[in-house]
Amino acid sequence: MPRILAKETLAPDVVRFWIEAPAIAKKRRPGQFVIIRTDETGERIPLTIADADTARGAIALIVQGVGKSTHKLNRLEPGDTILDVAGPLGQPTHIEPGMRVCCVGGGIGTAVVYPIAAGVRAAAGRVAAIVGARTKDLIILEREMAAVAEPCIITTDDGSHGRKGLVTEALRMLFAEGYEFDEVVAVGPLPMMQAVCAVTRPLGVKTIVSLNPIMVDGTGMCGGCRVTIGGEQKFVCVDGPEFDGHQVDFAEVAARLRAYREDEATAMDRYRAELAAPQR
Amino acid sequence: MAKKIGQKTKTPMPHVDPGVRRHSFGEVATGYSVELARQEAARCIECKNMPCVAGCPVEIDIPAFVRQVAAGDFDGAFQTLSAKNLLPAVCGRVCPQEDQCEKVCTLGVRFEPVAIGRLERFVADYAALMHLSDTAAPAAPSGRKVAIVGSGPAGLTAAADLAKLGHSVTIFEALHKAGGVLMYGIPEFRLPKTIVQGEIEKLTGLGVDIKTNHVIGRTFTIDELFSELGFDALFIGTGAGLPHFPSIPGVNLIGVFSANEYLTRSNLMKAYRFPEHDTPIVRGKNVAVIGGGNTAMDSVRTALRLGAEHAYLIYRRSRDEMPARAEEVEHAEEEGVEIVLLAAPTELLGNEKSRVRAMRCVRMALGEPDQSGRRSPVPIAGSEFEIAVDTVVFAVGQGANPLIRSTTPDLPVTKWGYIVADPETGATQKPGVFAGGDIVTGGATVISAMGAGRRAARAIDAYLHRLPAGGHAAADAFIST
Ligand SMILES: Cc1cc2nc3c(=O)[nH]c(=O)nc-3n(C[C@H](O)[C@H](O)[C@H](O)COP(=O)(O)OP(=O)(O)OC[C@H]3O[C@@H](n4cnc5c(N)ncnc54)[C@H](O)[C@@H]3O)c2cc1C
Ligand SMILES: Cc1cc2nc3c(=O)[nH]c(=O)nc-3n(C[C@H](O)[C@H](O)[C@H](O)COP(=O)(O)OP(=O)(O)OC[C@H]3O[C@@H](n4cnc5c(N)ncnc54)[C@H](O)[C@@H]3O)c2cc1C
Ligand code: SF4
Ligand code: SF4
Ligand code: FES
Chain X
1233 MPRILAKETL APDVVRFWIE APAIAKKRRP GQFVIIRTDE TGERIPLTIA DADTARGAIA
1293 LIVQGVGKST HKLNRLEPGD TILDVAGPLG QPTHIEPGMR VCCVGGGIGT AVVYPIAAGV
1353 RAAAGRVAAI VGARTKDLII LEREMAAVAE PCIITTDDGS HGRKGLVTEA LRMLFAEGYE
1413 FDEVVAVGPL PMMQAVCAVT RPLGVKTIVS LNPIMVDGTG MCGGCRVTIG GEQKFVCVDG
1473 PEFDGHQVDF AEVAARLRAY REDEATAMDR YRAELAAPQR
Chain Z
19 MAKKIGQKTK TPMPHVDPGV RRHSFGEVAT GYSVELARQE AARCIECKNM PCVAGCPVEI
79 DIPAFVRQVA AGDFDGAFQT LSAKNLLPAV CGRVCPQEDQ CEKVCTLGVR FEPVAIGRLE
139 RFVADYAALM HLSDTAAPAA PSGRKVAIVG SGPAGLTAAA DLAKLGHSVT IFEALHKAGG
199 VLMYGIPEFR LPKTIVQGEI EKLTGLGVDI KTNHVIGRTF TIDELFSELG FDALFIGTGA
259 GLPHFPSIPG VNLIGVFSAN EYLTRSNLMK AYRFPEHDTP IVRGKNVAVI GGGNTAMDSV
319 RTALRLGAEH AYLIYRRSRD EMPARAEEVE HAEEEGVEIV LLAAPTELLG NEKSRVRAMR
379 CVRMALGEPD QSGRRSPVPI AGSEFEIAVD TVVFAVGQGA NPLIRSTTPD LPVTKWGYIV
439 ADPETGATQK PGVFAGGDIV TGGATVISAM GAGRRAARAI DAYLHRLPAG GHAAADAFIS
499 T
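Line by line, the protein sequences are chains X and Z.
Take the first sequence: its letters are residues 1233 to 1512, numbered as in the numbering used here.
Take the second sequence: its letters are residues 19 to 499, numbered as in the numbering used here.
Calculated from the structure, these hints are not laboratory results.
No more than 25 angstroms apart at the CA atoms, straight line, and that leaves these computed lysine to aspartate or glutamate pairs for DMTMM-like:
#1 X/LYS1396 / X/ASP1369
#2 Z/LYS229 / X/GLU1272
#3 X/LYS1438 / X/ASP1476
#4 Z/LYS195 / X/ASP1316
#5 X/LYS1466 / Z/GLU370
#6 X/LYS1258 / Z/GLU242
#7 Z/LYS288 / Z/ASP35
#8 Z/LYS288 / X/GLU1506
#9 X/LYS1304 / X/GLU1494
#10 Z/LYS288 / X/GLU1494
#11 X/LYS1259 / Z/ASP428
#12 Z/LYS211 / X/GLU1272
#13 Z/LYS303 / X/GLU1484
#14 Z/LYS220 / X/ASP1316
#15 Z/LYS371 / X/ASP1495
#16 X/LYS1466 / X/GLU1484
#17 Z/LYS220 / Z/ASP79
#18 Z/LYS371 / X/ASP1501
All figures in this text were calculated on a predicted structure; none of them were measured in a lab.
If we strip away everything but chain X, and leave its shape as in the complex, we get:
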């Protein structure tokens, strides 16, 4: 069973784990993810491979606690094991040598966009980055991003760190300053990705977004992760997770993410109650 080698808190409720998974560490490419299950009664949840260390045979996962499964995971400690880790899944990011890319990360989306930025850089490309969050505490991977991107612009909604404002304003500014990109890659909450697409569409700049629908198997077997791209049905786990943002039916993706709202709340409430109950 894959063992947790290290754990570090990056922001409130956001944890980076290094997990022993030599075959996946060796094979993975930027843009790919794993499906994990913490324990026998657990859900299968998808998480991006945020980094890999082939020498140690380990992969990094950056997890934001949003519901029961991610909170359960985030309570694990170094030395603990994770029951199931399968991957690397999904299509790798399409990276061409020397390409010029602007990577835009919003909140936990930065964990997804960082390996892409690092991959472009490793292929002798040029990366500009915009990392945004609501407030200073929620900015993650600033140092890692700055090491592969120039410029690396930080934005916060409340102005507590970096520029005050949204990532889209910073993106507009880069275009106004004359930056040219072969591609913009935007990963974050759906409204943010949609807003980035609205900026790039009139400029005719190709924009890649990474979608995060609810998944079950992650191998193309269930069809639960289906989305509509340019009027065509695609399965995010095998055809994605990255797609041309100008072709994505965002409203449908957003609606489908809400499918289990009440059940997710039930699961979380019961989990909180279990944690609060006195230990026998």
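Take the given structure of chain X and dock chain Z with the ligands to it, following the hints.
Using the frame of chain X, we list chain Z with the ligands on its own:
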């Protein structure tokens, strides 16, 4: 000399009352007692040409095992079954016997055939209870390594046969549990998962290494299994797991599922036990399942057990054309499934939250027979009607998963993506690679997948004996020079 004919009808199988079982995931058919089994076995007239044996795709010596049951030698009966069938507890439950062994039983010409499936199940369950095991001794280690991709009935059978022949066998399974459709597709009430796991433990007992969470094409490609992991031969049994959705408006509304997702959530992830298990499932009050096969039947009966007030089965042809096992259709109706024949959905309608609220259907008439010989349905103009639904499950066929073919360019596939393999040997056009089961034939049956696994195991064994000492790598070099 054939025996005299006695009891003319099958000894009935005890079942849980439909009113009770529609709310329970417990097994529907409870199985023969020792007395019932011996009574039923005594019906076999031991006819001379034994057509039943040829009717079984793995050629179980049916008269022999039935005679042993009649004599009360259940241990002997189990050894007879095990000689040909790795998964008797599974086949006895899910084989479409009415189309196979029982279809051709001599007794069935004038009366009801011997209940071969029920007897097979009885013997397998008895063996499990008494911890009997297959006594055949495995061959000496051959020093050869074989990889099996996919742990459905095809892969499990190939693995067991190859292990018995002395080869070192590793199964790679994408999901976290082995068993394929037996684990994620067929529900608990028809095939308890403890039974499947019991059968799979026999493999680990034979020394087969089962690696779950290994997605071939991703974790390792087919070529890497040879070049990096040093396997000498490979069997691909990845099934037909790609769900189809019809091209009608509304298929992406919330509450609309493929049967694969619906059944996987319920069976593999145990969503019927949410919130004790973390995976949720939509518990619809008005559920419509589209299709007429086993998958559709399993989905609609699952919906009832998840609390549906109305569970509709919508099928576009008539009852005669339904591919599901007759027994399952009867069980479904007894439990309260409402079967709507000669109808097909044309549109799904959603509410303001994008949840499905209704399904528009059109009535069908049967036209001329198509290539498959079945009469094809034709929509009747102006016959549209609407049903209020909050859950819709499509069980309208499956395709071939693209993961392996997209990462193995030199493995020829048909235009539908199924692997091209010799039906007798499972050999593909890629040296050392064999394939069988649903990934070759498209959706079929458990026993036909097992038959393919067995034939491929035999061919792989022969291939390994021909292989030069250096193994597959040396053979490759040999071929390319
Ligand atoms: C390809 C892919 C890569 C991902 N990478 C990461 C990652 O690197 N780090 C990370 O923290 N998360 C990632 N996610 C999202 C992560 O899988 C979900 O947050 C997780 O499944 C939620 O499980 P839960 O039980 O904790 O929350 P739930 O109880 O299931 O949900 C709680 C809340 O989160 C929302 N939610 C549920 N599922 C998702 C989802 N798939 N995406 C976004 N929100 C969701 C719900 O609408 C709800 O509001 C990724 C998702 C995909 C599809
Ligand atoms: C709901 C349902 C009910 C059915 N009922 C009956 C019945 O009553 N009687 C009957 O005879 N038949 C029935 N069938 C059909 C029968 O189950 C199948 O024909 C049979 O399981 C096919 O076996 P298989 O070994 O080819 O593949 P499968 O059972 O499909 O197994 C394939 C396995 O390979 C794994 N896999 C796929 N891709 C990869 C990969 N890239 N790497 C690693 N692993 C991979 C899958 O996860 C799966 O575990 C039913 C099918 C379904 C879906
Ligand atoms: S395996 Fe299936 S076909 Fe063969 S005897 Fe048993 S029930 Fe009949
Ligand atoms: S065909 Fe029927 S009667 Fe004849 S041997 Fe087989 S089971 Fe018995
Ligand atoms: S998660 Fe099941 S098909 Fe993508």
